[in-house]
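Let the hints inform the model, and build the full structure from the sequences given.
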Amino acid sequence: MSLYAELVRHAADQYRSQLDALYARQHIIQQADRIAGLLSKAGLPARAQADEQFMPYVELSLAEELLSMRQAVLSYVCNVLECHLEGGSGAGGRDCYRILPAADSPEQIRLMLVVTGG
29 MSLYAELVRH AADQYRSQLD ALYARQHIIQ QADRIAGLLS KAGLPARAQA
79 DEQFMPYVEL SLAEELLSMR QAVLSYVCNV LECHLEGGSG AGGRDCYRIL
129 PAADSPEQIR LMLVVTGG
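Using the numbering used here, count along the sequence shown one by one with no gaps and you end on 146.
Check before you lean on any hint, since a few could be wrong.
Ranges of calculated distance between the beta carbons of each label pair, as one might list FRET restraints [what the hints assert, rightly or not]:
#1 A130 with D79: 44 to 50 angstroms
#2 A91 with R126: 20 to 26 angstroms
#3 R37 with S96: 41 to 47 angstroms
#4 A39 with A91: 38 to 44 angstroms
#5 L50 with E93: 33 to 39 angstroms
#6 S89 with Q42: 16 to 22 angstroms
#7 P129 with R37: 39 to 45 angstroms
Hints were generated in silico from the structure; no laboratory data involved. All of these numbers come straight from a predicted model, not from anything done at the bench. From the three backbone atoms N, C-alpha and C, an ideal C-beta is built for every residue, glycine too.
Structure, rendered in structure tokens:
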């Protein structure tokens with residue numbers, strides 16, 4: 029096999045594995061989009077993101093004036109999503125919270141909420 033053919037096969041294998049990873053996470057990716065949409069409709073600047081391993085999360089970017097009211101904003105998030113948040117501070121000025129479903133909710137939420145300032 030020529031070097032070119034080996035490189036093409038290797039690239040195709042990587043592409044296939046990336047697509048498999050996306051397909052395997054399709055439900056949680058859609059869930060991140062839905063949650064970001066709910067927060068956006070509630071007036072919060074949220075968007076769905078994914079890390080290098082295609083693991084989705086929801087990013088909430090708070091303006092400077094809302095940073096001092098972070099706890100109130102997080103309570104509002106819990107009310108909008110009917111959930112609980114677990115976690116806290118992270119690296120680089122970002123706070124990471126696990127979104128947990130409400131006790132009476134049959135839905136299993138397995139997403140992180142990353143709160144940034146700026």
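Violated constraints from the hint list, given by number and in increasing order: 1, 3 and 6
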